[in-house]
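A.B. asks: So the sequences go chain by chain: A, B and C.
Going by full-length UniProt numbering, the final residue of the first sequence carries number 127, and the count climbs one at a time with no gaps.
Going by full-length UniProt numbering, the final residue of the second sequence carries number 473, and the count climbs one at a time with no gaps.
Going by full-length UniProt numbering, the final residue of the third sequence carries number 154, and the count climbs one at a time with no gaps.
Honestly, the hints are just simulated from the structure, not real lab data.
The C-beta atom is built at its ideal place from N, Cα and C for all residues, glycine as well.
Careful, some of the hints might be misleading.
[Stated by the list, open to error] Subject to a maximum C-alpha distance of 20 Å in a straight line, what follows is the list of computed SDA-like cross-link-like pairs (lysine to any residue):
1. C:Lys35 <-> A:Ala70
2. C:Lys35 <-> C:Ser25
3. C:Lys35 <-> A:Gln69
4. C:Lys35 <-> C:Arg19
5. C:Lys111 <-> C:Glu99
6. C:Lys35 <-> A:Arg52
7. C:Lys111 <-> B:Gly62
[As the list claims (entries may be wrong)] Per label pair, the in silico range of CB-to-CB distance:
8. B:Ala454 <-> C:Ala146: 53 to 61 Å
9. B:Glu451 <-> A:Ala81: 38 to 46 Å
10. C:Leu22 <-> B:Pro452: 53 to 61 Å
Given next are the chains, with one letter for each unit.
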Amino acid sequence: MTLAIAAAAAVLFGAGAYLLLQRSLVRVVTGIALISQCAIVTIIGSSLSQGRAPIDPQEGGPLSDPLPQALALTALVIGMATLALLLALVHRVVVTHGTAERDELRDVDRPGAGGDEAVRHEGDETE
Amino acid sequence: MTALALSLLVPWAVGLLLVVLDGRRRTVGWLGVVTLGATVAVLGVLAADVLRGGTVAFVTGGWPVGVGILLRADALGVTFALSSCFVLLAAACAETLLGVGQRTLPGLLVLLAAGLNGLFLTGDVFNFYVFFEMSMIAAYVLTGYGGGRAQLRAAVIFASVNLLGSFIFLVAVAGTYRVTGTLAMTDVAERIREVPPNAAVAVAVGFFVAFSVKLGLFPFHYWLPTVYADTRPAVAAVLSGAVANIGAYGLLRFGPGVFAEQLRLSATVLIALGAASIIYGGVLAVARHRPAEMLAYSAIGQVGYVLVAVGVGGPVGFAAAVLYSVVNALNKALLFLTSAVRGPLVAGAFVVGALSVAGVPPAVGFVGKLAVFRTAVDARSPTLVVLLVVGSALSLLYLFLIYQREFWAEEDREAVTDAEVRDAAPARGVSRRVPVVVLAVLLLAGGVWPEPLAAVSGAAADVLTGTANGAGP
Amino acid sequence: MTGPDAPPGPTVIVRVVARLLLAPSVVVAVALIVKGYTAVGDGFAAGMVVGLAVALNAVALGARRAEAALPVLRHAPYAAVGGALLALASGFFPVALGEPVFSHRPGPDEKVVSVGKAELMTAVSFDVGIFLLVVGVVTVLVHQLAEPDQEPQA
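Could you put together the complete structure from these sequences and hints?
C.D. replies: Here is the structure:
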């Protein structure tokens with residue numbers, strides 16, 4: 001079981017890393033999402049235990065460890081929040097730049113001091 | 001205990017309220033400033049408690065240790081919380097005086113304070129992660145502040161790279177739980193000694209990479225120049241003065257505090273990486289042309305000093321690392337904030353900040369540099385001393401270059417600077433410079449009277465070396 | 001949201017199911033909150049159930065029409081913040097009494113007033129806060145990402 005989970009985590013991380021290296025920002029975001037899933041799978045795999053839910057335990061017998069479940073749940077929530085944030089960011093990039101390609105973002109790169117001010121004013125107007 | 005709970009509750013609750021309100025209104029901005037001021041005050045009370053009576057700690061819900069989450073304020077955490085919140089306060093002040101351009105800004109700054117307090121004042125690895133993400137999410141949104149193309153690009157880069165760092169941290173947390181079966185920092189520190197060395201080193205490296213990414217240390221710095229240079233000055237001040245503290249604190253808390261043995265094993269590597277950071281940051285800062293970019297590379301160089309001090313270790317090294325982190329946070333906040341305003345007073349403040357970064361006597365940076373030099377001398381390594389001297393010389397050089405470009409050539413540029421364009425209401429012309437000047441005065445005062453800082457960082461180092469470890473209820 | 005080959009807009013079935021699921025989802029959510037102390041469930045799970053129903057509605061009708069059909073959704077941001085504040089209040093009120101954060105009242109061995117199966121204690125109000133927070137956040141997210149042009153401040 002540990003091996004299967006490790007393999008799943010490895011595949012998730014590999015696929016995520018591959019997507020991260022792509023040009024499209026949407027793919028980059030997908031890659032980050034996959035890597036976050038890899039982290040969660042790792043949490044689950046790090047503490048496999050079988051048993052009853054530990055809420056109100058009465059009879060003897062194995063209990064499952066509640067801590068990693070709480071960790072995984074929290075990590076999922078945080079992952080969802082960051083994913084939503086990234087998607088919102090990419091959406092704004094598409095609105096302001098008219099593109100979701102990483103390379104085209106670089107066109108606004110390093111203007112001189114004067115150009116920088118111009119960019120900032122443009123930014124002020126879009127607000 | 002009340003102060004500890006309040007230091008979380010006040011910024012958290014008010015921050016949530018502020019996020020819904022329109023932060024562009026002056027009153028909302030000032031409400032944010034007042035909240036941050038109150039947070040700093042609460043932290044001050046907490047710090048006094050901690051320094052006088054030792055670690056303040058309690059477990060949530062009155063549960064036994066190990067079931068509930070341990071909230072713990074020791075000298076190390078309080079020092080970092082206080083300096084970070086102070087930087088946030090200065091940045092919020094400066095931005096409110098300039099006029100807030102986005103409705104969520106005050107709320108985000110206050111929520112960032114809540115997240116930072118939470119992570120500095122916890123004794124639980126996973127709770128650390130939760131608050132860490134809370135502050136990082138606030139920071140991601142803050143990076144996009146301004147909404148221009150450059151800021152958006154910075155936000156995308158900052159968020160993607162740091163999220164990767166966060167997930168590496170999470171994997172390391174999972175590994176910690178796997179090998180030790182606990183997530184309370186003190187228990188982890190005890191049980192990690194019996195863990196097979198390979199597993200322990202793997203976990204420790206995971207934490208190191210995660211914090212180095214936050215801190216922008218040399219091999220993980222690639223995101224930093226773009227982000228610091230393209231965000232608004234106030235946000236850059238927050239990122240380099242408050243958010244980067246997460247990295248420094250994490251290195252200290254998880255290095256000597258939890259993975260002490262692994263830290264000893266890798267001391268040489270850390271010192272080498274720190275030295276590389278110092279030289280790399282210094283050389284590239286001299287080579288760049290935009291002031292913001294030079295300051296960004298300077299930030300890479302400055303955190304190198306912290307890493308060197310951590311690598312050398314021992315009471316002197318850790319005290320130097322704490323001291324230098326605090327001083328560096330204030331320096332960077334001041335320098336980035338000066339780039340938003342102009343005038344002779346600001347030029348003076350910039351000079352103070354520059355002297356502080358370079359470690360020239362009247363400013364507090366001298367104390368920090370001195371402490372790092374002492375660690376280098378303690379380590380009996382002439383090479384290290386020479387490297388530190390070269391680093392300081394480089395920082396003096398690039399800061400002089402910035403001064404020359406920014407403040408000597410001021411008359412020519414005045415017409416195009418957007419800070420001047422925004423200067424429509426002359427009545428607030430002087431008041432806008434107040435935060436910068438206050439920070440500068442503080443840096444000078446710290447340099448003239450460094451005993452409190454030295455005492456606090458000494459107490460923080462004692463926490464790490466275990467001589468004053470009254471932790472746990 | 002639909003593939004390139006799909007007909008424009010979801011089918012009637014999806015729309016009807018989305019509309020019909022909303023009320024039961026709220027019932028399930030209430031059950032999850034009430035049962036959450038001795039069985040599986042809590043405010044977060046309850047919030048996710050309602051949040052999924054809201055999301056399905058947004059997919060079926062489009063965010064704007066979903067909001068027109070259910071004007072309550074416009075208050076989602078306030079629900080989120082109100083819920084978060086309620087949760088914080090439930091968590092931090094013991095500070096005023098000198099107890100650790102997240103202690104609950106009535107305490108572990110005290111008598112609990114219950115209405116039917118629902119036990120009235122501060123832990124429940126915490127869960128209600130989390131429920132509101134999750135529903136609010138999910139609604140805001142889905143509606144923002146579905147039709148972001150309504151409010152540029154994402």
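A.B. asks: It remains to establish, for every hint, whether it holds in the given structure.
C.D. replies: Evaluated hints:
no., hint, result
1, C:Lys35 <-> A:Ala70, "holds (18 Å)"
2, C:Lys35 <-> C:Ser25, "holds (15 Å)"
3, C:Lys35 <-> A:Gln69, "holds (19 Å)"
4, C:Lys35 <-> C:Arg19, "violated (26 Å)"
5, C:Lys111 <-> C:Glu99, "holds (19 Å)"
6, C:Lys35 <-> A:Arg52, "holds (17 Å)"
7, C:Lys111 <-> B:Gly62, "holds (18 Å)"
8, B:Ala454 <-> C:Ala146: 53 to 61 Å, "holds (56 Å)"
9, B:Glu451 <-> A:Ala81: 38 to 46 Å, "holds (43 Å)"
10, C:Leu22 <-> B:Pro452: 53 to 61 Å, "holds (60 Å)"
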